[in-house]
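**Student:** Based on the provided sequences and hints, a complete structural model is requested.
So the protein lines, in turn, are chains W and U. So the first sequence is numbered by my numbering: it starts at -15 and just counts up by one. So the second sequence is numbered by my numbering: it starts at 10 and just counts up by one.
It is worth saying that the hints were derived from the structure and are not from the lab. Please note: incorrect hints may appear among the correct ones.
Label pairs and their computed distance ranges (CB to CB) [as the list claims (entries may be wrong)]:
(1) U/E167 <-> W/M140: 56 to 62 Å
(2) W/Q124 <-> U/T187: 38 to 44 Å
(3) U/E215 <-> W/R(-8): 36 to 42 Å
(4) W/I139 <-> U/T164: 38 to 44 Å
(5) U/H246 <-> W/R120: 43 to 49 Å
(6) W/W(-10) <-> U/D298: 47 to 53 Å
So the derived list for chain U, only partly shown, Cβ under 10 Å to chain W, looks like this [said to hold, decoys possible]:
(7) L33
(8) L61
(9) E72
(10) R89
(11) R91
(12) T110
(13) G163
(14) T197
If we take Cβ atoms under 10 Å as the criterion, some of the chain W residues that face chain U in the derived model are [stated by the list, open to error]:
(15) A0
(16) L6
(17) S30
(18) D50
(19) S149
(20) A154
(21) R156
Think of the CB as a built atom: it goes at the ideal place given N, C-alpha and C, for glycine as much as any other residue.
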Amino acid sequence: MPTVAWERGTRERLIARDDAALGECYDQYASFVYGLVLRVVRDPKSAEDITQDVFLGLWEKPACFDPAKGALRTWLGTLAHRRAVDHVRREEARRRRDQTVHSRVVTTPDVEEMALALMTAERVREALELLPPEQREAIQLAYFDGRTYREVAVIMGIPEGTAKSRLRLALRRVAMTLEEEDLRQWA
Amino acid sequence: MGLTDAPEPMSDAELRELLAARALDASVPSEDLQIDAFVARDADAAAELARLSTAAAWIGATEALTPPGRLRASVLAAARARSGAPRVPHDDLVRIYRRETDELDVLVTTLGSEDLAATTANGLSARDLIIHLAAMESMVADAVGRPVIALDAGTDVEGRTAAFVEVFGIQPIDAVLTVWRDAIAGVTEWAATGAPRGLLPWLGVEVGRDTLLISRTFETWIHANDIRRAIGRPLEHPPAAQLHRMADFSMRSLPAWLDVAGRGHPGRTARVVLTGPGGGTWLVPLAADGSTVVEAADVALEVDLIDWCHRVGERIAPGAVSVRVTGDAALAADILEAASALATL
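**Tutor:** Shown next, in the form of structure tokens:
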């Protein structure tokens, strides 16, 4: 399981331009990054391009990742999501088609890490399903469809303040789920 | 780079309400600078954004999916192509040089137009200080045979900086950042793979590879903190191990610096104790004449390591250094005077 020490060491190796460290990061997190990006952009080729950009971003600016401020998973996820949303907004992709779901079998060099990640992701999925429908819809629109909170408000026919609070309540609920499950080692 | 038109200023309470949207990348781009600035100055907001960003990333993890097998090779090939081959492991000095330049790069990417206009300790705006760094780094790149810009700006520090400001002061900051980054890449490649063992001409003296790297590291760190100070952000310091490496270098160089400053004392010795993270104790000969150090030092100085480094970087005057001296006070004064010799390189 990745630890802060592992992440610090990897960061130093990346700063030293050790490409084996990049390969390890890829093996550990490529499924996470690619799956997230594909979910947002709904286009496998674009998802590959953005996934590559994310890992090259880590390669070129490893110091941007600060282990003291959060986990590498969070850092990569934030970068991946931001680039995916930028892509969607740039392309003005308002409609997306369903993709054939590929196998969810994930191969990484750290089986334990991935098993825990899958388990945690399942908890988060359950937490999302337990959200009030209006909060779940707000998250769907904002996170997976790349809408701003203002657009969420217009689409849902609610004031902007309500859109902001729905997003906040939903995200805090997920954060609490992670904490209640004593999963803060991931944070 | 935050050069978009600024929206109406928001209160902290309004900005706090936007943290979840920011974590989900659902905030409005024109408001992001204000949110990011708020997070930079409010520790609670930073903690909340980190917590919510972690939650957002885990929402993304519910979609994990194995990418096509070819992508791995593609990523690694692109990474190798961007950095040039061959690769060799970096030694400590290259690593800390890259760490400090990367840290400054991170800082620069968070600066808005108001930040860039802020006045720093030496009177330059943050923007002009970044331009100065590009002027200096590109001069190093020239000196090591990796030129990055066809601009006849000379090698006088002030003249070169002025020439760069004239060219880049009216351009978006990204233009000069490209020069700066290219120069760093060139210096790194030279230091890692092709650095000669001999001396290089640098600002009127001849210096070795290590001196060049450490002086660039010091200057980059000092100027990064100049910018942080100018825009009201907390100062940041390198990790203890790096500070120790930098302090050790300064101690090994001190005899030569004393000679350069005309303050050498052949046959005499100082015990310098640097306190705080990365600190240690050094016995230092007070001239570069090959004298052996003696345990019974003529003078002992105890200084906070950060203060010492700031003195080396000439950010505090000799008289402003908080130092405990035992023994010959005149020797201590000469040491503190000469300590900033590196800053002139």
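**Student:** Against the structure shown, which of the earlier numbered hints fail to hold, in ascending order?
**Tutor:** 4, 13 and 17
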